[in-house]
Every structure is written in structure tokens, then in C-alpha cells.
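For the sequence shown, the working numbering begins at 7 and goes up steadily by one.
Don't read these hints as lab results, they were simulated from the structure.
No experiment lies behind these values; they were computed from the predicted model shown.
Glycine included, C-beta positions come from ideal geometry on N, C-alpha and C.
Warning: the hint list may mix true and false statements.
[To be verified] What follows is a set of in silico ranges between Cβ atoms, one per label pair, in the way DEER data are often shown:
#1 R151 - V74: 21 to 31 Å
#2 G127 - V149: 22 to 32 Å
#3 G44 - I64: 38 to 48 Å
#4 T169 - G45: 23 to 33 Å
#5 I64 - N120: 27 to 37 Å
#6 E115 - E136: 32 to 42 Å
#7 P172 - S11: 34 to 44 Å
#8 N184 - R61: 42 to 52 Å
#9 G63 - R126: 30 to 40 Å
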Amino acid sequence: MGSISHTFTVGSFAQADWVTQTPLRATETAVTLTTQRGGSDELVVGQDIITYGARGGITHEVSTIADVTSGFQFSIDTKHLTGASVSGTIQALTCVEAGGGSINRCFPELINVNVTWTGRGPIQRRPTTEDDIEVTNFLYHLVMRTSGPTRGAVASGVVSRLTASPAQVSSASFGEMNTGVMFLCLDDGCAN
7 MGSISHTFTV
17 GSFAQADWVT
27 QTPLRATETA
37 VTLTTQRGGS
47 DELVVGQDII
57 TYGARGGITH
67 EVSTIADVTS
77 GFQFSIDTKH
87 LTGASVSGTI
97 QALTCVEAGG
107 GSINRCFPEL
117 INVNVTWTGR
127 GPIQRRPTTE
137 DDIEVTNFLY
147 HLVMRTSGPT
157 RGAVASGVVS
167 RLTASPAQVS
177 SASFGEMNTG
187 VMFLCLDDGC
197 AN
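Using the sequences and the accompanying hints, generate a full structural model.
Okay, here's the thing in C-alpha cells:
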């Protein structure tokens, strides 16, 4: 039993991650945009806000996730890679958890996303290859090849409950992608 799948993507992308950490609060926000030529744009947002008590235990956590193909506008300078932007109001799911590890409630809500990428550094044009093999109770083999111009960036804006500043960026980039993925999975773990 097993499966093999091939995926090909040609289009634009922009991604950014912001992280903050203080003794009483940690936040992480991730925004990823992809667009396929002749196809639709996809926006994926994830955000975690964790509050700690005086003794270091988690007292409160708010997690928001979204994966949408409408409700936003995405633009990118594909010729010179000077910048990119996304703005809109999108549907998300937010879960609130009080200390103790149980989810108190989850609810749908509309969130604002307004992010700007400004290119920084040289444009990279090297193709990359990722080859990952894992053998546990099952075997999978992932091969991903990516080519196309990409550029590092400074990213800032507003995502849901937080203002994301350039100083909080852990990674940000945008560009054009030409990606092929081959995923081979053998044995019973393929459905997981």
C-alpha cells in the first residue's frame, strides 16, 4: 500500500514570520501568499499569542488560523522585485485556551491583514533542491525542486490582533517560483 503524488507550481509568492518574546508574553505570526499563473491566489495566516504567569506557566493562549482564496488583494513587482503587498479582511478560526491545556472555545471571525514587503539584498536566482527521507513505522520520500528569482525582504503591517514591525521579522522573502514536488509514501502511514 502506498501513494505517489506530483505537484507543480508556477507563479509568485511572499512569506513573512514575526516573533516576539518577553518574560510574560510570546507571539508568533506567519503569512504566506502564493499565486499560480492563470489560477487563484491563496493566503495562509497563522498567529499565536501566549501569555505566561509569574511562575512561567501558560495562563492564556489565542491561536488564529486562516487559509483563504478570496477577500484580499495581492500585488508584487515581478520584474524588479522591489516589493509586494497584501490587504484585505478574511475569514479565520480563532481558538482561546486558558491555563491547563484545554481549549475553552473556538469561533469564526473576520481578521484584517495588511502587510508590505520591501526588497532587501541581492536577488537570488539559484535553483534549490530539498530531499527528505523518513523511515519510522512507514517510509516517505519528499523531493522538492524550486527555481526562479527570490529576494529577502523587510516586512511590516497588521495581522489580526498584532502590528508586525520590521524589528520582529524572523524571515521574509518574495519572488517568482517554479516548484516541482514529488511525494512518495509507502506502508500504512500514508493516510496520516
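Could you check the structure against the hints above and give me the numbers of any it violates, in ascending order? Per hint list: zero violations.
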